[in-house]
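A.B. asks: Listed here are the chains, written in short residue letters.
Number of protein chains: 2
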Amino acid sequence: MSDQNSQQPSHTPISSLGEFGLIDLLTKHARHRHPETVKGVGDDAAVLKNDQELTVVSTDLLVEGIHFDLMYTPLKHLGYKSIVVNLSDICAMNATPKQVTVSIALSNRFSVEALTELYEGIHQACINYDVDLIGGDTSSSKSGLVISVTAIGKVETDKVVYRNKAQVDDHIFVTGDLGAAYLGLQILEREKRIYLENPHIQPQLADHQYLVGRQLRPEARQDVIEILAQQDIVPNAMIDISDGLSSDVLHICKQSNVGCCIFEENVPIHPESYNMALEFKLNPITCALSGGEDYELLFTLPADQAKKLQDTAGFFDIGKITPLDKGNLLYGKSGRADQLIAQGWKHL
Amino acid sequence: MSDQNSQQPSHTPISSLGEFGLIDLLTKHARHRHPETVKGVGDDAAVLKNDQELTVVSTDLLVEGIHFDLMYTPLKHLGYKSIVVNLSDICAMNATPKQVTVSIALSNRFSVEALTELYEGIHQACINYDVDLIGGDTSSSKSGLVISVTAIGKVETDKVVYRNKAQVDDHIFVTGDLGAAYLGLQILEREKRIYLENPHIQPQLADHQYLVGRQLRPEARQDVIEILAQQDIVPNAMIDISDGLSSDVLHICKQSNVGCCIFEENVPIHPESYNMALEFKLNPITCALSGGEDYELLFTLPADQAKKLQDTAGFFDIGKITPLDKGNLLYGKSGRADQLIAQGWKHL
Numbered sequence: 001m002s003d004q005n006s007q008q009p010s011h012t013p014i015s016s017l018g019e020f021g022l023i024d025l026l027t028k029h030a031r032h033r034h035p036e037t038v039k040g041v042g043d044d045a046a047v048l049k050n051d052q053e054l055t056v057v058s059t060d061l062l063v064e065g066i067h068f069d070l071m072y073t074p075l076k077h078l079g080y081k082s083i084v085v086n087l088s089d090i091c092a093m094n095a096t097p098k099q100v101t102v103s104i105a106l107s108n109r110f111s112v113e114a115l116t117e118l119y120e121g122i123h124q125a126c127i128n129y130d131v132d133l134i135g136g137d138t139s140s141s142k143s144g145l146v147i148s149v150t151a152i153g154k155v156e157t158d159k160v161v162y163r164n165k166a167q168v169d170d171h172i173f174v175t176g177d178l179g180a181a182y183l184g185l186q187i188l189e190r191e192k193r194i195y196l197e198n199p200h201i202q203p204q205l206a207d208h209q210y211l212v213g214r215q216l217r218p219e220a221r222q223d224v225i226e227i228l229a230q231q232d233i234v235p236n237a238m239i240d241i242s243d244g245l246s247s248d249v250l251h252i253c254k255q256s257n258v259g260c261c262i263f264e265e266n267v268p269i270h271p272e273s274y275n276m277a278l279e280f281k282l283n284p285i286t287c288a289l290s291g292g293e294d295y296e297l298l299f300t301l302p303a304d305q306a307k308k309l310q311d312t313a314g315f316f317d318i319g320k321i322t323p324l325d326k327g328n329l330l331y332g333k334s335g336r337a338d339q340l341i342a343q344g345w346k347h348l
Numbered sequence: 001m002s003d004q005n006s007q008q009p010s011h012t013p014i015s016s017l018g019e020f021g022l023i024d025l026l027t028k029h030a031r032h033r034h035p036e037t038v039k040g041v042g043d044d045a046a047v048l049k050n051d052q053e054l055t056v057v058s059t060d061l062l063v064e065g066i067h068f069d070l071m072y073t074p075l076k077h078l079g080y081k082s083i084v085v086n087l088s089d090i091c092a093m094n095a096t097p098k099q100v101t102v103s104i105a106l107s108n109r110f111s112v113e114a115l116t117e118l119y120e121g122i123h124q125a126c127i128n129y130d131v132d133l134i135g136g137d138t139s140s141s142k143s144g145l146v147i148s149v150t151a152i153g154k155v156e157t158d159k160v161v162y163r164n165k166a167q168v169d170d171h172i173f174v175t176g177d178l179g180a181a182y183l184g185l186q187i188l189e190r191e192k193r194i195y196l197e198n199p200h201i202q203p204q205l206a207d208h209q210y211l212v213g214r215q216l217r218p219e220a221r222q223d224v225i226e227i228l229a230q231q232d233i234v235p236n237a238m239i240d241i242s243d244g245l246s247s248d249v250l251h252i253c254k255q256s257n258v259g260c261c262i263f264e265e266n267v268p269i270h271p272e273s274y275n276m277a278l279e280f281k282l283n284p285i286t287c288a289l290s291g292g293e294d295y296e297l298l299f300t301l302p303a304d305q306a307k308k309l310q311d312t313a314g315f316f317d318i319g320k321i322t323p324l325d326k327g328n329l330l331y332g333k334s335g336r337a338d339q340l341i342a343q344g345w346k347h348l
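Which chain is which? The protein sequence lines are Y and C, in order. Just so we're aligned, residue 1 is where the first sequence starts under this note's numbering, counting upward by one. Just so we're aligned, residue 1 is where the second sequence starts under this note's numbering, counting upward by one.
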């Protein structure tokens with residue numbers, strides 16, 4: 001298709017669409033994939049049909065300047081990530097995501113094209129994870145972009161996994177390498193600083209696609225939920241690693257009234273993460289423990305169940321649940337034990 | 001209890017609480033009232049038990065400076081209203097609200113006391129409407145306050161009411177007087193202007209409690225849903241009046257592929273609204289048609305069902321559904337017919 005104006009990016013004011021035009025634009029690609037989605041966008045509320053399973057509901061609010069920086073975040077990736085971080089919470093309940101609602105507030109500096117790009121990412125995530133976009137709300141904001149997503153999932157009543165049922169002697173598993181998303185963010189922040197000092201210098205991102213990709217376009221580990229189901233494994237406790245390994249394993253310990261020990265040498269760190277940490281003069285294990293936003297799953301299993309995963313690629317046995325009075329310990333490669341400490345809450 | 005510092009309002013920085021302190025503060029009053037609420041705040045997602053009914057889901061995003069002005073909106077009322085506007089959408093499906101999630105983003109100019117006041121209103125709404133607060137997200141924002149609420153409700157499969165099933169010859173009902181919330185807003189805006197010009201002048205709100213109350217502290221008409229159920233009435237179509245009577249009845253007409261005629265003399269307008277409209281040199285019927293935010297319900301019923309409501313106080317038969325080719329008409333008191341026109345979308 002030829003487009004005479006293809007060299008000039010177009011800028012259509014959102015106000016030119018009107019409410020219905022806007023809703024139509026944003027939802028015309030929203031196909032319903034689940035028979036239980038009786039009604040999606042277009043009424044006062046979406047309508048879902050029930051069955052005998054449990055429904056799980058998760059919600060997240062993403063705020064410009066706090067959770068994302070549009071200077072280096074492509075809108076399509078932002079849309080994708082805003083869905084994924086919610087689906088990750090649904091997976092962390094051992095549930096399958098089924099529906100999402102998406103509400104956005106945005107200032108008039110955003111064009112229809114920008115909004116369309118954001119929703120391309122949203123629709124792509126819905127396709128990839130087989131979820132229905134069933135509703136939302138769109139309004140203006142006086143300053144930045146705000147995205148609020150609520151995800152709804154299903155799980156059989158006896159398969160739901162909470163944070164508060166970890167048992168002493170459980171093995172602690174994570175599902176992938178940690179720290180990469182944090183290091184990707186450091187690269188993006190560095191290139192932003194360089195760009196702001198000298199706008200003629202092009203950002204050097206091509207060499208760091210893995211790390212930058214882990215930050216900008218994370219995935220929810222729905223595949224892990226499927227593997228666990230295939231192997232008849234129901235973890236005792238599970239959480240997704242959004243705040244960082246330390247912080248998130250401590251959530252489980254606190255709610256389960258247990259302690260833990262983590263073995264540093266078992267914590268998976270990607271070689272690129274390792275090298276980039278050193279380049280930033282950071283300790284690689286600190287990045288893995290406190291980085292956050294990796295959206296891997298962390299779960300605990302009794303020894304007999306843990307055995308089933310010993311030969312399965314992509315599952316890393318990083319430690320054990322201990323009695324509460326043993327505390328929360330990190331064993332270094334030398335065998336020395338340190339207290340495992342959660343970093344502060346970064347978004348407030 | 002004596003408090004030596006009671007004359008000085010306290011200001012505790014939110015950062016002093018930490019994440020868990022904050023979540024605990026905001027959710028410690030969240031009691032679950034429904035057995036289907038299996039798990040609320042405290043895990044990756046809330047967990048709801050299903051049954052054989054339909055689940056309905058509605059979501060709204062409220063942005064400071066767009067949807068509310070903190071100069072004249074008490075935080076407790078804002079919290080209350082943020083829940084109510086979502087429950088109103090659930091009622092408009094003929095469903096009963098059961099659960100809500102609440103996410104907020106706020107800048108550091110807000111204190112713990114301010115946040116507590118906001119949540120007092122949220123909890124009060126949950127108590128009044130018998131809904132469970134089951135989750136949410138709290139983060140900071142670079143500028144104003146953002147509140148995102150998702151409400152979940154239940155309805156028997158054959159009782160759900162959409163916007164697209166209005167039938168020709170249906171009577172159109174509204175459940176209360178219209179335009180008051182808009183006029184309440186005009187009063188608040190006027191007093192704000194006067195205050196900004198001369199901060200020594202006290203706002204004159206005491207004489208206008210009804211109108212200001214309709215704006216600041218609306219209610220969702222869950223009582224109407226109960227009355228309809230008691231009388232075995234299931235409307236053909238229903239919507240809540242959030243944008244204004246004209247705009248909202250046109251939603252129903254467009255989705256149902258029908259026309260309508262509204263009789264001006266049947267549209268309920270409170271005497272205080274009538275007088276205040278004249279004081280603002282506004283046409284009272286224009287305020288009722290286009291004001292919005294009244295959160296009354298508008299529904300359509302066939303004649304035999306409509307009869308059941310003829311002697312019921314608080315239900316107003318304001319017009320009829322007509323064939324599509326008759327258009328959307330407003331009959332004035334003189335008998336003259338004008339086109340019924342929706343006002344523009346005010347929030348974008």
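No wet-lab data here; the hints were simulated from the structure. There could be a bad hint or two in this list.
Which copy? The list can't say, so a pair holds if one copy fits it or any two copies do.
When the alpha-carbon atoms are kept at most 25 Å apart in a straight line, the in silico BS3-like pairs for lysine-lysine are as follows [what the hints assert, rightly or not]: (1) K165 to K320; (2) K281 to K254; (3) K142 to K76; (4) K333 to K76.
A.B. asks: Run every hint past the structure and note whether it holds.
C.D. replies: Status of the hints after comparison with the structure:
For the homomeric pair K165 and K320, the shortest alpha-carbon distance inside one copy (14 Å) is at most 25 Å, but the shortest distance between copies (58 Å) is not. Taking the shortest Cα distances, K281 and K254 never come within 25 Å of each other, neither inside one copy (32 Å) nor across copies (62 Å). In this assembly of identical chains, K142 and K76 lie within 25 Å of each other by CA distance both inside one copy and across copies; the values are 22 Å within and 23 Å between. In this assembly of identical chains, the alpha carbons of K333 and K76 never lie at most 25 Å apart, being 41 Å within a copy and 53 Å across copies at closest.
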